[in-house]
Structures are given as C-alpha cells and as structure tokens.
Amino acid sequence: MDESVVDMKGVSLAFGAKKILNDLNLAVHSRERLVVLGQSGSGKSTLLRLIVGILRPNGGVVRFKGREVSRMRRPHLNRMRQKIGMVYQYSALISSLNVRDNLALPLEELTDKKEEEINRIIDEKLDMVGMSDTKNQMPAELSGGMRKRIGLARALVMEPELILFDEPSAGLDPVISSVIDELIISLTEKTDATSIIVTHEMDSAFKIATRMAMLYQGNIIENDTPDAFRRSKNAVVSQFISGSTQGPILEKKK
Amino acid sequence: MIKRFLQHLSSIVWLMVDASQEMADNMIRGRLPFRVNTFFEQTDRAGVGSVPLVALVSFFLGLTMSLLTGYQLRPYGTERLVPGLVAIGFSRELGPLITGIMVAARIGAAFTAELGTMTVSEEVEAIEAMGIGPLRFLVAPRVLAVFLLMPCLVVISNVTADLGAALICKWQLGIPVRYFGDLVHSSIESRDIVAGTIKSFLFGLIVGTVSCYKGLAVEGGAAGVGDSTTSSVVIAITSVIIFDTLCNIVLVAIYP
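As you go down the protein sequences, you meet chains A and B in turn.
Mind the numbering: the first sequence is residues 1 to 254 in my numbering, read in order.
Mind the numbering: the second sequence is residues 1 to 256 in my numbering, read in order.
Keep in mind that a hint or two might mislead.
[To be verified] DSBU-like, lysine-lysine: derived pairs with alpha carbons at most 35 Å apart: (1) A:K207 <-> A:K19; (2) A:K9 <-> A:K190; (3) B:K3 <-> A:K18; (4) B:K170 <-> A:K19; (5) A:K9 <-> A:K233; (6) A:K19 <-> A:K65.
Think of the hints as simulated: they come from the structure by calculation, not from any bench.
Owing to the predicted nature of the structure, the values given are computational and were not obtained by experimental measurement.
Just chain A, with the same shape it has in the complex (with noise of 0.2 Å):
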C-alpha cells in the first residue's frame, strides 16, 4: 500500500472557546483529487492551513510524507512548503506586483535558477492556465476568474507534490466555474500532483473528485467515491448534496 501526502490522525484545534476540529482523522493518497465538503465556517480551510503548517493543533498529528508537520522547525517548514502549492479563494496575489513577479516570486526567492529559465517556467505555466497575455498586468486589472487562473498558475511553479484549493469556483460564473474544474483537473493530471480540494458547491465537487470527504461538526463523517457520496445514506450527506431545508444540518442549528 502506498504511503499517504498527508496523514491527520487525531487532530483537534479549537479557537479559544470554539472548537473546530475535534479528532478528526483523514488520510490522502498520492495522485488522488480529494474534495473537501462542509458548511461554511465547518473548518474546511482550516483544515487546509494545518497542512501547510500555517496552523498547529492543539491536539494530534499531522503529516506531510510521513513527516510531522506541527513539530517541523521554520528552514524545515518553509522547504516543505516548497512542495505544496496552495490556491487562495480569493487568489491573494500581491498586489503590488504585476502577474509575471507574482510568479516569478517563489522562484527567485526559493530556487538559484537563472532569470532565463524563470521566464520559461512562467510562460509555460501561465499558458498551461491560458493566460500567457497577462504578464505584464496588475492583479487589480484582472477579472475574479482570470486572477483564480494565475493563483493556480503561481501554485504551479515550484512543481509541488501537493496542490490544496481552498474554495477554487467560490464568486465565479458557471461558466468560468467549470472552466477552473476542468483546469484543476487538467493540470493535476498533466502534473502528477495530489490535490485537495476545499468546496461546498456540490456540482464542481462531483465533477472534480476522485475521493470525497464530509466535515461536520469537526470531524470527518464520510469519506468516500464520488458515487458513493451520492448514494450515501447519511442524513447529514444527503442533505447536503440535495442542498434541502429539512434534515439534520438546520436542526442542529435551531
């Protein structure tokens, strides 16, 4: 059996009185698209940070190729860092650079590449992302789908083994939702990278993943096929896949 990306077994994390994660357990696999769903606020993207090591549990373990995460020292975080690329919901490209620096920035602070082979890697991925005619633009000229396209190409540079999605199809049109899933795809194919996917829109879900998991109330209460997913008979699931008003979810809430 092949060794898990990631590996969370028994992680807690709480924000002071609120607890977000409570034991939650979950493994990924290699070259697996696993996606993430949730309500809002459930813990999805926090999920996302206690990978990349932005977070630290309160309780457990998280690993990344069977390293501990939440024990790494700083030189040993940021150069497993290097290994994953993360996709913003909102991009979060600095916007103070223009789309070319964007990219080039892992590169030139992480890597002793050459600035010819820079602009090469640049104009490979922003064309693999279809938007080679923005390189010299300003993240604020640029439309909500199109800044979506050169996060991921960002995400792309430093040929992670690992690509985490937070909310990648959240704000956009259907059209250029679908347009992010197929490149998602695509590009996770074309890479070879595992990815995780962080959504709570159930059409792009189906369409990207391989693997499902639902987080509820901290924890993971299903992890399954796609198909499985859809012929789940957890109350919680299917109320969230149908996207219905009675069920257990809005209960627990009154």
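Based on these hints, arrange chain B on the given structure of chain A.
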C-alpha cells in the same frame, strides 16, 4: 492593561527574533537576507520621501524657537546664546523627537496600512505558504530602512532647524550667519551628537517594529486596518516620547 502591554511587547520582541532567524536561515543558504531592491524601495519611501516634511517642519520650529528665546534673552543681553541653544536643543532632543513623531505618522501609518491590507487579503499568508519567510520578505527591509534612514533624517532636521534659527538671528537679533556658525560650533559637544544619534536609531527601530507588528496583527477586514493604523501611530508616537525620556535619564546619568 499592563498584561496587554506586556503581551504586545513580547510579540514585538518575538517578531524581531523571528525576522532575524528567517534572515539568518536565508544567509546560511548562501542568499541575501532579503530582497535588496525592496530595501531600496523602502529607503526611498521612508527616507527620501520624508525629507521635505522633516525639513519644512524643522525649519519653522528652528525659526520659532530662536525667535521666542531671542526675545526672552535680549533684555539680558544674552541673545548670542540662541544659536547654541537651538543647535544643542535640536541635535540632542528636538531633532530626533520631532523626526521620530513625523516618521511614525507618515511612514508608520503607511507600513501598517500596507501590511494590514496584505494580511486581510491573505497575501501575507500566501507568502508564508509558499515557504518564503514573510518576516524577512516584508518586515526586515522596512524596519531596516527606517532604522538606517532615521539618523539621516535627524541630520536634515538639525541642519534645517539651524538654518531657520540663523535667519532669525541675522534679521531679528543681529547675529551674522558666520558668527552664528561659530557660536554653534563652540557650544555643541560630541555628547550632544552621540545622544541624538543613539536616539535616532532607537526611534527608527521603534517606529519600524511597531508599525510592521500592527500591520501583521490586523484582524477584521477594512475596519481592522483602519483601527490598527490609528493604534500603530498612537503607540509609535507614545513609545518615541517615553523612550526619549528614558534615554535622557540614562544619558544624563552615564554621559552628563
């Protein structure tokens, strides 16, 4: 309140420790501690950009100070003390203090607002997630720029204040410019310059660290950026004034 103050103080100290550690890590890898062009951009912004304001304010303060003290001293025939008074006053006390306050208001606010906006739009987190130390990338060039440029700005403040004082001395008190220069030269001592230099480095460090810390600690969107910017300027100015007093106490005791 004391607990909160100590929490902020320890966070600022840790910010500097972490920034130094990130720079050291980069240097161990055979790289520069931070982007040199970012450092020069910030020196241009913090230093060169502040020259007109510092010069203008100091010029008028020097002018006013010599005017008021000159009228007070003239009845006693001691108006020739004015050049020394202005020169010592500015090089030892007012130059660093006024410059520190102006830089805190002008550059400290800009640093906090800029880093705060980057924090709320997840840009800082994105830099961290890429494995680039955000402290060495964002904080170190800014703090170092203010730290190194502050003494230069203080020199400009002192010179322009003396210039304003020289004009008043010439036109109102009948002291020629050459004699003004001689009086300044004979009254000012190395301890005054040393005290002013120490203070200017210290105030640069305070303004740089406080403004960057407040920028990175922003929470709660646009309103949070506004609140943090206000509190950054208030804390930086208050700290400059408090540390100025402490400096005076220490310097008078060890270097009277």
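Hints, verified against the model:
1. Under the criterion of a C-alpha separation no larger than 35 Å, the hint pairing A:K207 with A:K19 is consistent with the structure, at around 31 Å.
2. Straight-line distance between C-alpha atoms of A:K9 and A:K190 comes to about 30 Å, which keeps the hinted pair within the 35 Å bound.
3. Proposed proximity of B:K3 and A:K18 is supported: the alpha carbons are some 23 Å apart, at most 35 Å.
4. For the hint pairing B:K170 with A:K19, the CA-to-CA distance comes to about 73 Å; that exceeds 35 Å, so the pair is violated.
5. Proximity of A:K9 to A:K233 is assessed by CA-CA distance (about 25 Å); at most 35 Å being required, the pair is judged to hold.
6. Taking the CA atoms of A:K19 and A:K65, the gap is about 27 Å. The hint holds against a cut of 35 Å.
The structure does not agree with numbered hint 4 stated previously, though it agrees with all others.
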